[in-house]
Amino acid sequence: MAFPSKSPIATRAVMALAGVLFVFALLVRGAKPAALVRPEDTPAAEPRIEQPLQLLARGAALRVAELDRWISKNQLTEWKAVRGTVFALQDCPPTMDWLDGAEGQRFERCVAALRGGTREDALASLVLVFQLARATEWKPGMLGHTQHAERLGALLEGWLRSWSARSAKDALLVEPALSATLLYGRAMRIAWRAPVLGYNAAPYERARALLNEIAGESGHRSEFGEALQSRHPAAARGLASDKDVLEGLEEECAVIYPKLVGDCEDR
Amino acid sequence: MDAASALPATRTVQAERHAEWLIALGALMVACGGLLLGVQVDANRGFSGTGYAAFALGAVIALVSTIVRARGTQGLPRDFSGAFAALAAFLGLAFASGGVLAPGGPWMLAEFAALLVLGLRRPRDGSRWIASGALWLMVVLFVFRLWITYQGSRNHWQVLSVPIPILSWLPFDFLAPIQSVSLGSFTPWELGLPPAGVDFAVTLGLWSAGFALCAAGTFVVQLCAREHENDRVHDVIRTLPAPMAGLVERLLPEEEWETLGLHGLPTRLLCKRIEALVRERAQRQREFAIAFERAQLLALTHDDDFSGAIQGALAALERKPGQTKDA
Numbered sequence: 053m054a055f056p057s058k059s060p061i062a063t064r065a066v067m068a069l070a071g072v073l074f075v076f077a078l079l080v081r082g083a084k085p086a087a088l089v090r091p092e093d094t095p096a097a098e099p100r101i102e103q104p105l106q107l108l109a110r111g112a113a114l115r116v117a118e119l120d121r122w123i124s125k126n127q128l129t130e131w132k133a134v135r136g137t138v139f140a141l142q143d144c145p146p147t148m149d150w151l152d153g154a155e156g157q158r159f160e161r162c163v164a165a166l167r168g169g170t171r172e173d174a175l176a177s178l179v180l181v182f183q184l185a186r187a188t189e190w191k192p193g194m195l196g197h198t199q200h201a202e203r204l205g206a207l208l209e210g211w212l213r214s215w216s217a218r219s220a221k222d223a224l225l226v227e228p229a230l231s232a233t234l235l236y237g238r239a240m241r242i243a244w245r246a247p248v249l250g251y252n253a254a255p256y257e258r259a260r261a262l263l264n265e266i267a268g269e270s271g272h273r274s275e276f277g278e279a280l281q282s283r284h285p286a287a288a289r290g291l292a293s294d295k296d297v298l299e300g301l302e303e304e305c306a307v308i309y310p311k312l313v314g315d316c317e318d319r
Numbered sequence: 198m199d200a201a202s203a204l205p206a207t208r209t210v211q212a213e214r215h216a217e218w219l220i221a222l223g224a225l226m227v228a229c230g231g232l233l234l235g236v237q238v239d240a241n242r243g244f245s246g247t248g249y250a251a252f253a254l255g256a257v258i259a260l261v262s263t264i265v266r267a268r269g270t271q272g273l274p275r276d277f278s279g280a281f282a283a284l285a286a287f288l289g290l291a292f293a294s295g296g297v298l299a300p301g302g303p304w305m306l307a308e309f310a311a312l313l314v315l316g317l318r319r320p321r322d323g324s325r326w327i328a329s330g331a332l333w334l335m336v337v338l339f340v341f342r343l344w345i346t347y348q349g350s351r352n353h354w355q356v357l358s359v360p361i362p363i364l365s366w367l368p369f370d371f372l373a374p375i376q377s378v379s380l381g382s383f384t385p386w387e388l389g390l391p392p393a394g395v396d397f398a399v400t401l402g403l404w405s406a407g408f409a410l411c412a413a414g415t416f417v418v419q420l421c422a423r424e425h426e427n428d429r430v431h432d433v434i435r436t437l438p439a440p441m442a443g444l445v446e447r448l449l450p451e452e453e454w455e456t457l458g459l460h461g462l463p464t465r466l467l468c469k470r471i472e473a474l475v476r477e478r479a480q481r482q483r484e485f486a487i488a489f490e491r492a493q494l495l496a497l498t499h500d501d502d503f504s505g506a507i508q509g510a511l512a513a514l515e516r517k518p519g520q521t522k523d524a
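Residue numbers (my numbering), protein chains in the order written: chain A, 53 to 319; chain B, 198 to 524.
None of these hints come from the bench; they were simulated from the model. Glycine is no exception: its CB is placed at the ideal position from the N, C-alpha and C atoms. Take the hints with a grain of salt, since some may be wrong.
Output of the computed footprint for chain A on chain B, the stretches with three or more beta carbons under 8 angstroms from beta carbons of chain A [said to hold, decoys possible]:
| id | region |
| --- | --- |
| 1 | 217-230 |
| 2 | 245-253 |
Lysine to any residue pairs mimicking SDA-like chemistry, simulated, CA-CA at most 25 angstroms apart [claimed, not checked]:
| id | chain 1 | residue 1 | chain 2 | residue 2 |
| --- | --- | --- | --- | --- |
| 3 | A | K311 | A | G169 |
| 4 | A | K84 | B | Q376 |
| 5 | A | K295 | B | Q348 |
| 6 | A | K311 | A | A113 |
| 7 | A | K295 | B | P368 |
| 8 | A | K311 | A | G111 |
| 9 | A | K84 | A | R289 |
| 10 | A | K221 | A | G169 |
| 11 | A | K295 | B | Y347 |
| 12 | A | K295 | B | M305 |
| 13 | A | K295 | B | P385 |
| 14 | A | K295 | B | Q376 |
| 15 | A | K84 | B | M305 |
| 16 | A | K221 | A | A206 |
| 17 | A | K295 | A | E317 |
| 18 | A | K84 | B | F244 |
| 19 | A | K84 | B | P368 |
| 20 | A | K221 | A | V307 |
| 21 | A | K311 | A | E189 |
In isolation and in its complexed conformation, chain A is listed as follows:
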């Protein structure tokens, strides 16, 4: 092979470039990875809702009225009415039965409307769904009535589709969105494993598709997937499982909401 004749200057220039790259190749090995700064840890420049997870916990009733000042004007009336209803819900009705009633339909309309509003509206929407999960029965029981858990899962699924990507860098919504994911995983896993023999495949496949969409695949995680990885590593690890992608979510959910299993014990 015939190489073109190179002048000594070009040769020296290439050597100098290689020398610079050698130094750079040594220095780059010491480069530290960027630290993960959680959105909620960044200093706030404006007033915000403090500790939004409290609004999803058992004591949510103590603070839920605080949300009134943050709700959009056109949703405020409906929000006040629905929160009053759902936080006063008694007797633990089956989830789907209650949703199919007049109050339930109003609840669903309000949840959908708030979901399409501001980020504070979205949080309020999630607060309502969590309260529904606490106040109604969605446990399948021995007869394997999975429709209640699947309906709750559908409400959470709609919220996650709308807000998971936007919430990943949002100090207000990131933790609530992750909590919603954990509860979603639990509800769908309960529905999946409801039959005494075998499994109910549909909710599992639906959940797997959604989680793959919002969290991404391992190695190509979305920002929301990264947020899940940094806060709930067991749940993120479980997403890569071949057998049960929901197991990790269930484990983490059991830590945060141990009694929120669809039998109204967490009220």
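Since chain A is already given, all that's left is putting chain B on it; use the hints.
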């Protein structure tokens, strides 16, 4: 006069520049490869370094290998290009060795020990930068490193999970702990993965390209460093009058210059070494010619046996082309 002695001076200079140019090019490949082997990409597309631990052990392997290769020779790089080639070859081997080692933990030390043992073997071919056994081990270790990084990118912290037949087929969760056996567990800290996790596809591309560039660059640099040393010897011989230089190159063929210890000598010692070698070989040639002349006195009594055939062949050397045996 052979082909080398018939080369015009301009072609000689150009050949030297080719060696220097290829050293520069090989060094550039090594540097780019080292750079690529030194970075990893996390899931947020952020870059971070792979750390110094594996590189430090790679440097030790490179040092040992260099010492083994240089054992028994007294040569050193005598000009900037030679020194630069030696530096590039050392760094290339260090980058490549460090690039195949696991980034930390017992895996790294075990791999280091294995590479060190094989690195102590001198390559059979002088142009090779490392013994072939060590080279193959490096390839295997590189594949292993890619595999454990892949496992880590999926949050699977073991080399392999082997399902136990029958037990793993049963759909009972309480059997999960005994349904498979994990082989070779490790931690994210041992792998030095960034907090956001590693983007395996991009990192795989970077590391594979880096390893290939380092290996190929080191090979090119080593070959061209030899060629460059040959150019130095050639330059010294070419200071003689052309016919005499041609004769010297016939006595000392270029292929033997490295094994004759002419590489890496200072110019003064190089001249003395060539002078001694020429004297020794000329003397040997002369002794051979005398012995041959005496052998001609022997009668070729048995042309068809072994000694007769050798005699006949030697006698044929003395005949002019076209001259027959009878003539």
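The hints, checked one at a time:
no.	hint	verdict
1	217-230	holds (count 11)
2	245-253	holds (count 6)
3	A/K311 - A/G169	31 angstroms, violated
4	A/K84 - B/Q376	39 angstroms, violated
5	A/K295 - B/Q348	16 angstroms, holds
6	A/K311 - A/A113	17 angstroms, holds
7	A/K295 - B/P368	10 angstroms, holds
8	A/K311 - A/G111	13 angstroms, holds
9	A/K84 - A/R289	24 angstroms, holds
10	A/K221 - A/G169	18 angstroms, holds
11	A/K295 - B/Y347	19 angstroms, holds
12	A/K295 - B/M305	32 angstroms, violated
13	A/K295 - B/P385	23 angstroms, holds
14	A/K295 - B/Q376	12 angstroms, holds
15	A/K84 - B/M305	20 angstroms, holds
16	A/K221 - A/A206	24 angstroms, holds
17	A/K295 - A/E317	30 angstroms, violated
18	A/K84 - B/F244	8 angstroms, holds
19	A/K84 - B/P368	44 angstroms, violated
20	A/K221 - A/V307	24 angstroms, holds
21	A/K311 - A/E189	12 angstroms, holds
Checked against the numbered hints above, the structure violates hints 3, 4, 12, 17 and 19; every other hint is satisfied.
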